[in-house]
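Asks: Take a look at the letters that make up each chain.
2 protein chains.
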Amino acid sequence: MIQVGINGYGTIGKRVADAVRQQPDMEVVGVAKTRPNFEARGAVEKGYDLYAAIEERKPRFAEAGIDLAGDVEELVAASDVVVDACPSGIGADNAAMYEEYDTPALLQGGEDAAVVDASFNARSNYDAVEGLALVRVVSCNTTGLSRLIAPLQEHYGIEKVRATLVRRGGDPAQSGRGPINDILPNPVGLPSHHGPDVNTIFPDLAIDTLGLKVPATLMHMHSINVQLEDPPASGEAIRDRLAGERRTFVIPEWLDLDGAGAIKEYAQDAGRPRADVWENCIWGESVTLEGDDLYLFQAIHQESDVVPENVDAIRAVLGETDAETSMARTDEAMGLDEGFGTATE
Amino acid sequence: MIQVGINGYGTIGKRVADAVRQQPDMEVVGVAKTRPNFEARGAVEKGYDLYAAIEERKPRFAEAGIDLAGDVEELVAASDVVVDACPSGIGADNAAMYEEYDTPALLQGGEDAAVVDASFNARSNYDAVEGLALVRVVSCNTTGLSRLIAPLQEHYGIEKVRATLVRRGGDPAQSGRGPINDILPNPVGLPSHHGPDVNTIFPDLAIDTLGLKVPATLMHMHSINVQLEDPPASGEAIRDRLAGERRTFVIPEWLDLDGAGAIKEYAQDAGRPRADVWENCIWGESVTLEGDDLYLFQAIHQESDVVPENVDAIRAVLGETDAETSMARTDEAMGLDEGFGTATE
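Protein chains in written order, with my numbering: chain A, 175 to 519; chain B, 175 to 519.
Hint data in this document are derived by calculation from the structure and do not stem from the laboratory.
Hints are supplied without guarantee of correctness; some may be wrong.
Because identical chains share one entry, a pair is satisfied inside a single copy or across any pair of copies.
Heads up, simulated DMTMM-like pairs for lysine to aspartate or glutamate below, C-alpha to C-alpha not over 20 Å straight-line [as the list claims (entries may be wrong)]:
id : residue 1 : residue 2
1  : K334      : E213
2  : K232      : D286
3  : K220      : E201
4  : K232      : E248
5  : K220      : D414
6  : K232      : E219
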């Protein structure tokens with residue numbers, strides 16, 4: 175069994191912990207947190223061994239009545255792989271610790287690509303990270319773009335990708351974020367970081383990205399143009415191909431899912447943990463071919479689409495199995511069934 | 175003096191009435207409304223003669239203590255041109271009345287293009303509407319796109335326009351509109367109506383548009399890609415050219431206007447009536463050339479950018495003056511000075 179430590183138990187860390195625990199070939203050694211809060215309490219309730227990420231703050235856990243299993247260094251030493259889900263920038267700071275204990279680590283997409291040995295997306299470059307010490311699972315948006323780009327590039331060739339990312343201003347619990355009642359070009363200058371980030375997975379791809387922020391918290395929305403080198407006869411062929419991919423959910427019209435709110439409600443109804451939506455949600459009606467220009471809309475759940483990717487990255491960095499076997503195992507264990515069940519077959 | 179009647183005194187009508195009144199060569203005959211409300215009271219306060227748009231509702235005005243000057247037919251008969259700013263669809267219903275009184279009429283962009291003799295944008299096709307009976311001033315978004323397309327097509331040629339329109343869900347006073355906390359592909363299927371609508375002004379232009387709706391009320395935001403036939407050496411050349419155009423405000427970085435809220439506040443500070451923003455607001459930093467692909471962000475004030483266009487359309491349909499003379503006269507009378515004053519010279 176692969177022993178997995180999770181350093182950072184916030185939005186991503188807590189989800190990765192649960193997903194790892196569900197895997198038949200993995201065990202959660204424990205999770206590390208900097209301070210006691212509702213998520214620390216949740217970790218205890220779920221029976222995860224809790225480690226202190228910051229030595230000086232250990233008394234705070236004692237005051238809150240939470241028992242610690244030890245320090246984060248002990249967690250790292252006991253793990254075959256660590257998933258670092260600390261806030262952006264902290265992962266880079268932790269790199270020396272992982273190196274000290276000779277434990278391969280997976281950082282998240284908020285870290286600088288220059289910090290790591292390679293960036294990772296399961297569908298796109300699973301084999302590229304075997305044996306590396308420091309791997310970065312790319313961000314939610316870059317994961318969503320990569321899942322789309324990989325099959326399009328393989329089957330039709332890509333002349334250029336032009337994408338406008340209409341981003342949620344913050345997650346539902348990030349009460350300090352904005353905007354409220356505004357639409358912000360963000361960044362104002364081009365390109366947004368997403369294009370260069372996609373190039374960490376597809377180095378030779380021509381891609382221009384524009385980013386905006388809007389007063390919404392549920393999911394990101396991508397307005398996508400992919401100019402294809404060798405387009406098929408119709409958009410339907412592309413729609414069918416995307417529907418056949420793992421972790422892409424091509425929304426049929428009759429489900430009447432008009433936006434992120436409806437998708438999240440569908441996920442709640444389906445009993446998804448935390449109403450998570452691990453798949454790219456692509457509106458089938460939007461998949462349109464105009465000459466060699468493909469257009470589509472896809473919604474990306476910023477809190478969860480990287481979770482199965484982190485699970486796969488654990489196997490990939492250890493050289494366990496191949497991409498398809500790993501992805502199938504991950505998805506089956508998590509209950510990741512595109513269409514949220516069998517209702518859309 | 176051109177005698178102008180305004181049928182419909184809501185968001186657009188009240189603004190057009192004020193702008194017409196400011197023109198040295200025009201007079202407002204009066205304005206027509208269907209019912210007494212805060213805007214009817216405003217019309218009385220401003221001294222506009224008020225006409226009843228619906229015969230049966232005249233007693234309501236009397237009950238509200240508002241004197242009427244007559245019926246809408248009398249307004250139409252007394253006008254050289256009528257600006258029809260009624261809700262979408264009503265303009266088409268009114269067409270027979272305008273024909274009966276042989277009064278040329280300007281409908282708004284919510285009407286079907288097939289209803290009118292021609293569609294209008296001052297910068298793009300001023301000369302095309304002279305002598306026509308029924309002309310449509312295109313919508314706020316189509317106006318914003320046309321103002322941008324005209325100079326780009328003239329100077330560089332356009333291979334294709336690809337635009338994502340991140341639309342405000344409703345105007346500030348439209349309390350029944352949504353979404354709240356969501357991002358909706360709208361329409362889900364492509365293209366949005368904006369592309370075909372731009373083709374009523376530029377019939378041969380290749381343009382694909384995608385529309386979304388978000389929880390914001392202040393302005394629309396356009397994420398624009400224009401593939402140029404003969405691009406200049408740099409994006410700066412395009413930025414300078416756009417800055418030299420009427421009714422385009424290229425926002426300099428130092429103004430620190432990060433979104434629609436800041437632009438509207440700037441308009442308030444500048445003393446603009448109703449904090450209106452008549453210009454395309456283009457972020458200078460966003461104007462970027464990647465090969466032959468031009469990208470930029472522009473914000474469009476849905477309540478007011480068509481107002482100067484309606485004023486010009488009055489002269490255009492009567493064959494008065496040329497486009498540049500009309501636009502200059504309109505802008506001077508309204509106080510439309512790109513940059514909202516002289517602060518950005």
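Asks: Work down the list of hints and note, for each, if the structure agrees.
Replies: Hints, verified against the model:
1. K334 x E213: neither (42 Å within a copy, 50 Å between copies)
2. K232 x D286: neither (29 Å within a copy, 68 Å between copies)
3. K220 x E201: within (14 Å within a copy, 75 Å between copies)
4. K232 x E248: within (14 Å within a copy, 83 Å between copies)
5. K220 x D414: Neither way: K220 and D414 sit 40 Å apart in one copy and 60 Å across, limit 20 Å.
6. K232 x E219: within (19 Å within a copy, 69 Å between copies)
The structure does not agree with the numbered hints 1, 2 and 5 stated previously, though it agrees with the rest.
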